[in-house]
Amino acid sequence: MRPTNKQQFSDEAREHDLTISVDDAEDMHRFIKEVAQVYLVISSIDTTGFEPASIFMPIPSRRESQ
Amino acid sequence: MNKHVPDIAYQSITEIAPRIRRGALSPVDLVEALLLRISRLEPSLNTFLEVWGDSARTEARMAKSEIESGRYIGPLHGIPVGLKDLIDVAGHKTTGGSKVLADNIAKSDATVVTRLKAAGAILIGKLNLVEFAFGTTGLNPYTGDVKNPWDRTRITAGSSSGSAAAVASGMIPASLGSDTGGSIRMPASVCGIAGLKPTYGRIPRTGVLDLSWSMDHVGPMARTTGDCALLMNALAGSDGYDPTSYAGPVQDFTSGLTKGLALIKIGVPTNYFFEDSVDHEISETVLSSIDLMASNGAEIVELPMPWVEKGRAINLGVIRPEAVSAHESLLANYADLYSPGLRKRIQSGFDIPAIDYVRAQRARQWFNHNMSESMKQVDVLITPSVPIQTPMITECTPPDGNMEAGNQLPMFTSIFDVTGQPSHSIPCGFTSGGMPIGMMITGHPYDETTVLRVGNAFEKLTDWHQRVPTDIPVLN
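If you read the protein sequences in the order shown, they are chains A and B.
Okay, so the first sequence: first residue is 6 according to this note's numbering, each after it adds one.
Okay, so the second sequence: first residue is 407 according to this note's numbering, each after it adds one.
Quick caveat, the hints were computed from the structure, so don't treat them as lab data.
Computed from a predicted structure; not experimentally measured.
Treat the hints loosely; a few may be bogus.
Unchecked claim - Computed footprint of chain A on chain B, listed as stretches where at least three residues anywhere in the stretch have a Cβ under 8 Å from a Cβ of chain A:
1. 716-725
2. 753-762
As the list claims (entries may be wrong) - The following label-pair restraints were derived from C-beta to C-beta distances:
3. R35(A) x K866(B): 17 to 25 Å
4. S778(B) x Q42(A): 26 to 34 Å
5. E39(A) x E438(B): 42 to 50 Å
6. L743(B) x R35(A): 31 to 39 Å
7. R68(A) x P759(B): 51 to 59 Å
8. E421(B) x H34(A): 52 to 60 Å
9. R68(A) x R428(B): 50 to 58 Å
10. E681(B) x R68(A): 41 to 49 Å
11. N510(B) x T53(A): 38 to 46 Å
As the list claims (entries may be wrong) - Negatives, chain B to chain A, calculated, CB over 10 Å:
12. S445
13. E456
14. T464
15. R558
16. G643
17. G662
18. I672
19. E681
20. D697
21. P746
22. Q767
23. Q771
24. H775
25. I794
Cβ coordinates follow ideal geometry from the N, Cα and C atoms, glycine included.
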């Protein structure tokens with residue numbers, strides 16, 4: 006559940022060892038709105054069949070010769 | 407603006423290197439001339455965070471001695487180069503333009519530094535940047551704002567602000583920058599120099615501070631396209647440490663420079679990059695530059711790209727969570743050492759759900775597929791580098807500054823951080839107010855050679871890259 010007001014946001018941040026004052030939280034709501042707008046645009050894209058190819062790639066390794 | 411100023415400081419590496427090779431110009435004299443220039447100009451431009459005069463002189467004497475004894479390494483031998491201060495040099499501070507890393511001494515050289523040294527380049531110092539490279543205007547509340555050499559009341563753009571301004575003012579012939587949303591190409595455009603963001607992974611990032619690891623690129627900034635090609639020859643190729651660096655073959659990036667524009671197909675997007683919202687002087691200048699190339703052998707292909715407007719959102723949608731992750735540990739321990747503005751921007755990303763990041767990466771695949779389909783018709787795309795004229799510093803400075811400029815500047819450059827294509831900004835004219843206009847040439851992944859070929863061909867047809875700011879005196 007996302008925090009709905011600046012006090013909740015500040016409290017949640019503290020739980021994650023982040024220093025965010027209540028005043029900071031007010032400014033940050035502006036940034037959070039910008040971020041939300043970014044993901045709104047992204048969510049409007051139909052990405053069916055476009056899974057990222059290389060989130061994980063094994064690192065080649067082998068036993069060292071003695 | 408001056409033209410053809412006979413100042414060693416404004417000569418390209420391509421011009422200087424043969425003189426150094428045949429002994430007509432000593433690296434010692436070159437370094438002394440540039441250090442003098444730096445000492446005179448630096449107070450008003452604020453481009454350097456550190457100048458390494460003593461070590462640069464020592465390296466110059468060594469280069470001179472090696473060249474005189476017949477051990478000439480190549481075109482970067484004896485050439486001074488500056489480094490954006492997020493690149494490690496053993497024994498020197500890497501601050502990222504921050505207070506957080508003010509005392510951070512690098513233990514080893516970044517791969518790009520090792521390679522510059524191997525090529526005989528002289529490291530002359532560390533260059534100013536946006537705090538942790540997280541910003542587009544070039545302003546920094548801790549290290550001070552870098553001033554645009556063409557008009558010191560205007561921004562340089564960023565984040566490689568010092569890297570661009572130092573080259574544009576003739577303090578150094580070349581520098582290294584980094585680019586996650588346009589941080590090489592925006593300042594190159596705004597300061598009137600050449601800046602190449604190579605293909606993602608082309609240059610290893612080992613020893614370079616992360617901002618967003620799947621978008622970060624390191625690349626050269628210089629006076630000409632040919633100089634960028636020379637630097638690429640020294641810098642490209644996997645190092646075995648950066649898992650994202652490209653292990654495929656590395657070509658000679660100068661090999662296509664003189665092939666001209668014949669048979670080159672230039673894609674010109676019919677939407678987004680030339681719409682009415684783009685500054686008219688900029689769009690008209692870039693379109694007339696394209697016309698010039700068409701009249702010299704290039705074929706123009708109009709490309710509808712209705713999906714391309716989503717690119718900036720995808721760029722931000724990937725950068726934000728990756729930047730939060732990159733800064734998580736530092737923020738937990740040193741939050742009070744961040745500037746309040748940057749700290750809040752990063753902290754605002756802690757609330758981004760994982761699904762949003764995955765959506766952004768899937769959207770990136772979708773975007774790359776569309777770009778790849780469009781690129782099948784052409785060799786390069788040509789667009790403006792930035793959509794707006796260069797703002798005044800006061801217009802971008804909080805609390806009264808208009809933050810919109812910072813959002814608009816990367817609208818075009820960030821597209822090609824998403825796709826990882828090689829993308830190159832070169833000067834193509836000036837506004838009526840006398841500020842440089844940049845044109846962006848973008849190619850197929852791993853085909854920097856064609857991008858550089860087109861850039862060099864344009865420079866042979868014009869002299870925009872030879873213009874220098876009027877209010878900076880010749881200091882020879």
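For each hint, the structure was consulted:
no.: 1; hint: 716-725; verdict: holds (count 5)
no.: 2; hint: 753-762; verdict: holds (count 7)
no.: 3; hint: R35(A) x K866(B): 17 to 25 Å; verdict: 48 Å, violated
no.: 4; hint: S778(B) x Q42(A): 26 to 34 Å; verdict: 27 Å, holds
no.: 5; hint: E39(A) x E438(B): 42 to 50 Å; verdict: 49 Å, holds
no.: 6; hint: L743(B) x R35(A): 31 to 39 Å; verdict: 22 Å, violated
no.: 7; hint: R68(A) x P759(B): 51 to 59 Å; verdict: 41 Å, violated
no.: 8; hint: E421(B) x H34(A): 52 to 60 Å; verdict: 54 Å, holds
no.: 9; hint: R68(A) x R428(B): 50 to 58 Å; verdict: 54 Å, holds
no.: 10; hint: E681(B) x R68(A): 41 to 49 Å; verdict: 59 Å, violated
no.: 11; hint: N510(B) x T53(A): 38 to 46 Å; verdict: 45 Å, holds
no.: 12; hint: S445; verdict: 40 Å, holds
no.: 13; hint: E456; verdict: 30 Å, holds
no.: 14; hint: T464; verdict: 40 Å, holds
no.: 15; hint: R558; verdict: 30 Å, holds
no.: 16; hint: G643; verdict: 19 Å, holds
no.: 17; hint: G662; verdict: 29 Å, holds
no.: 18; hint: I672; verdict: 28 Å, holds
no.: 19; hint: E681; verdict: 17 Å, holds
no.: 20; hint: D697; verdict: 34 Å, holds
no.: 21; hint: P746; verdict: 8 Å, violated
no.: 22; hint: Q767; verdict: 4 Å, violated
no.: 23; hint: Q771; verdict: 4 Å, violated
no.: 24; hint: H775; verdict: 7 Å, violated
no.: 25; hint: I794; verdict: 19 Å, holds
Of the hints listed earlier, those the structure fails to meet are numbers 3, 6, 7, 10, 21, 22, 23 and 24, in rising order.
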